[in-house]
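*Asks:* The lines below spell out each chain.
There are 2 protein chains.
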Amino acid sequence: MIETTWSEAIKRKYPEPVVLVVSCDREGRPDVMPAGWSMVTSGIPPMLAVSIGHRRYTHKLIEETGEFVLVFPSKGMEGLINYTGSCSGRDVDKFSEYGIETLKSKYVRPPLIKDAVACFECKVRGKLVTGDHTVFAGEVVASYVSEKYRDRLYNFGNNRFRTIPGE
Amino acid sequence: MIETTWSEAIKRKYPEPVVLVVSCDREGRPDVMPAGWSMVTSGIPPMLAVSIGHRRYTHKLIEETGEFVLVFPSKGMEGLINYTGSCSGRDVDKFSEYGIETLKSKYVRPPLIKDAVACFECKVRGKLVTGDHTVFAGEVVASYVSEKYRDRLYNFGNNRFRTIPGE
Numbered sequence: 001m002i003e004t005t006w007s008e009a010i011k012r013k014y015p016e017p018v019v020l021v022v023s024c025d026r027e028g029r030p031d032v033m034p035a036g037w038s039m040v041t042s043g044i045p046p047m048l049a050v051s052i053g054h055r056r057y058t059h060k061l062i063e064e065t066g067e068f069v070l071v072f073p074s075k076g077m078e079g080l081i082n083y084t085g086s087c088s089g090r091d092v093d094k095f096s097e098y099g100i101e102t103l104k105s106k107y108v109r110p111p112l113i114k115d116a117v118a119c120f121e122c123k124v125r126g127k128l129v130t131g132d133h134t135v136f137a138g139e140v141v142a143s144y145v146s147e148k149y150r151d152r153l154y155n156f157g158n159n160r161f162r163t164i165p166g167e
Numbered sequence: 001m002i003e004t005t006w007s008e009a010i011k012r013k014y015p016e017p018v019v020l021v022v023s024c025d026r027e028g029r030p031d032v033m034p035a036g037w038s039m040v041t042s043g044i045p046p047m048l049a050v051s052i053g054h055r056r057y058t059h060k061l062i063e064e065t066g067e068f069v070l071v072f073p074s075k076g077m078e079g080l081i082n083y084t085g086s087c088s089g090r091d092v093d094k095f096s097e098y099g100i101e102t103l104k105s106k107y108v109r110p111p112l113i114k115d116a117v118a119c120f121e122c123k124v125r126g127k128l129v130t131g132d133h134t135v136f137a138g139e140v141v142a143s144y145v146s147e148k149y150r151d152r153l154y155n156f157g158n159n160r161f162r163t164i165p166g167e
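These protein sequence lines map, in sequence, to chains S and D.
For the first sequence, the numbering used here assigns the number 1 to the initial residue and increments by one for each residue that follows.
For the second sequence, the numbering used here assigns the number 1 to the initial residue and increments by one for each residue that follows.
Hints were generated in silico from the structure; no laboratory data involved.
One thing to keep in mind: the hints can contain errors.
The list cannot tell twin chains apart, which means a pair is met if one copy fits it or any two copies do.
Unchecked claim - Restricting the straight-line Cα-Cα distance to at most 20 Å, the calculated cross-link-like pairs of lysine to any residue (SDA-like) are:
{"hint": "1", "residue 1": "Lys106", "residue 2": "Glu139"}
{"hint": "2", "residue 1": "Lys75", "residue 2": "Ile164"}
{"hint": "3", "residue 1": "Lys148", "residue 2": "Ile2"}
{"hint": "4", "residue 1": "Lys75", "residue 2": "Trp6"}
Since the model is a prediction, treat every value here as computed from it, not as a measurement.
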C-alpha cells in the first residue's frame with residue numbers, strides 16, 4: 001500500500017451505483033437529481049440513506065417536506081441522469097423539460113419514475129450533517145420494481161453509466 | 001412498476017460494493033467485519049459513512065474509540081470476507097486466527113489491511129441512529145491504494161463476491 005491523496009484513492013470506488021432522488025416543493029412540484037452517495041441503512045424498519053450537497057435544491061426540498069423517492073435508474077436513463085445532474089430545479093421543471101414519465105406514489109408526494117428498476121417511497125426519520133453534505137435517512141414506506149428492467153445503472157467514472165449483468 | 005415487498009425490491013440493489021471495517025478496542029486489539037452499507041458522504045472535508053448493526057462488536061468499538069479504517073477488499077479476499085462475517089471479535093481474534101496481514105496506520109489505531117485495493121483512516125465526526133443500525137460518518141485523515149490490486153469486490157447477492165473489470 002502506498003499513501004496517496006483522497007482524490008486519487010477514492011477513484012477506486014468505481015463502479016459506483018447511481019440513484020435518482022425525487023423530491024417536491026411545498027406546492028407539490030417535483031424535482032429530481034442523480035446521486036452517487038446512497039446506501040441501505042436499516043433492515044427493521046427498512047431505511048435508505050442518501051447524501052445531498054448543502055447547496056442543492058433537492059436539499060432544500062427534502063428539508064422542507066421530509067419526503068423523497070429513491071430510484072434505481074435503468075438502462076436507457078443515461079441521458080436523463082446527465083440532464084438532471086446538469087441543471088437545477090430552481091431554474092427549470094426537469095420533468096416537463098425532459099419529458100420524464102412518472103407514476104403516482106401512495107404515501108408521499110414525490111412521484112415514482114416510470115420504467116426505473118426500482119422505486120422506494122421514503123419518509124425522513126433522521127438526518128446528519130457531514131461536511132458539505134447532509135445524510136437523509138428515510139424509512140421506506142412503499143417499494144416498487146419494474147417487470148421490464150432488472151439491472152440498475154452504475155457510474156464507471158466520469159459519468160460513464162452502464163449496467164452490470166448478474167451471474 | 002408493480003408494488004412489492006421491501007425484501008423483494010431491495011434485491012435489485014446488487015451488485016453492491018463491499019467494504020471491511022477495521023476497529024480497535026481500548027487496549028488497541030483490532031477487529032474487522034465486512035459491511036455492505038457504506039458510501040462517500042462529503043467532499044470537503046473527505047468523509048465516508050458506514051452503517052453498523054447495533055449488536056455488532058464493531059459498533060461497540062467504534063462507539064468507544066471514535067476511529068475506524070474503511071477498506072476496499074481485493075480479489076482473493078472472498079474467504080476473508082466470509083470468515084470475518086461469520087464470527088464475532090467478542091469470541092475470537094480474527095486477525096491472528098485467519099492470518100490477516102496488516103500495516104500500521106498513521107493517525108488512528110486500527111491497522112490497514114495489506115493488499116487491499118484501498119484503505120482510508122477515519123475519525124468519527126458524527127453519527128445517526130437509523131432503525132437497527134448506526135451511521136458512523138468518518139473524516140478521512142489518510143488514504144492508501146495498492147500498487148498491485150485495482151478492482152474492489154462486489155456482492156452479487158448471497159455473498160457471491162467478485163470484481164467488475166473497468167471499461
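*Asks:* For every hint, state whether the structure bears it out.
*Replies:* Checked hints:
1. Taking the closest pair of Cα atoms, Lys106 and Glu139 come within 20 Å of each other only inside a single copy of the chain (14 Å); across copies the shortest separation is 38 Å, beyond that limit.
2. With identical chains, the CA atoms of Lys75 and Ile164 are at most 20 Å apart both within one copy (10 Å) and between copies (18 Å).
3. Within a single copy, Lys148 and Ile2 get their C-alpha atoms only as close as 45 Å, which misses the 20 Å cut-off; across copies the closest is 10 Å, which meets it.
4. For the homomeric pair Lys75 and Trp6, neither the shortest alpha-carbon distance inside one copy (31 Å) nor that between copies (22 Å) is at most 20 Å.
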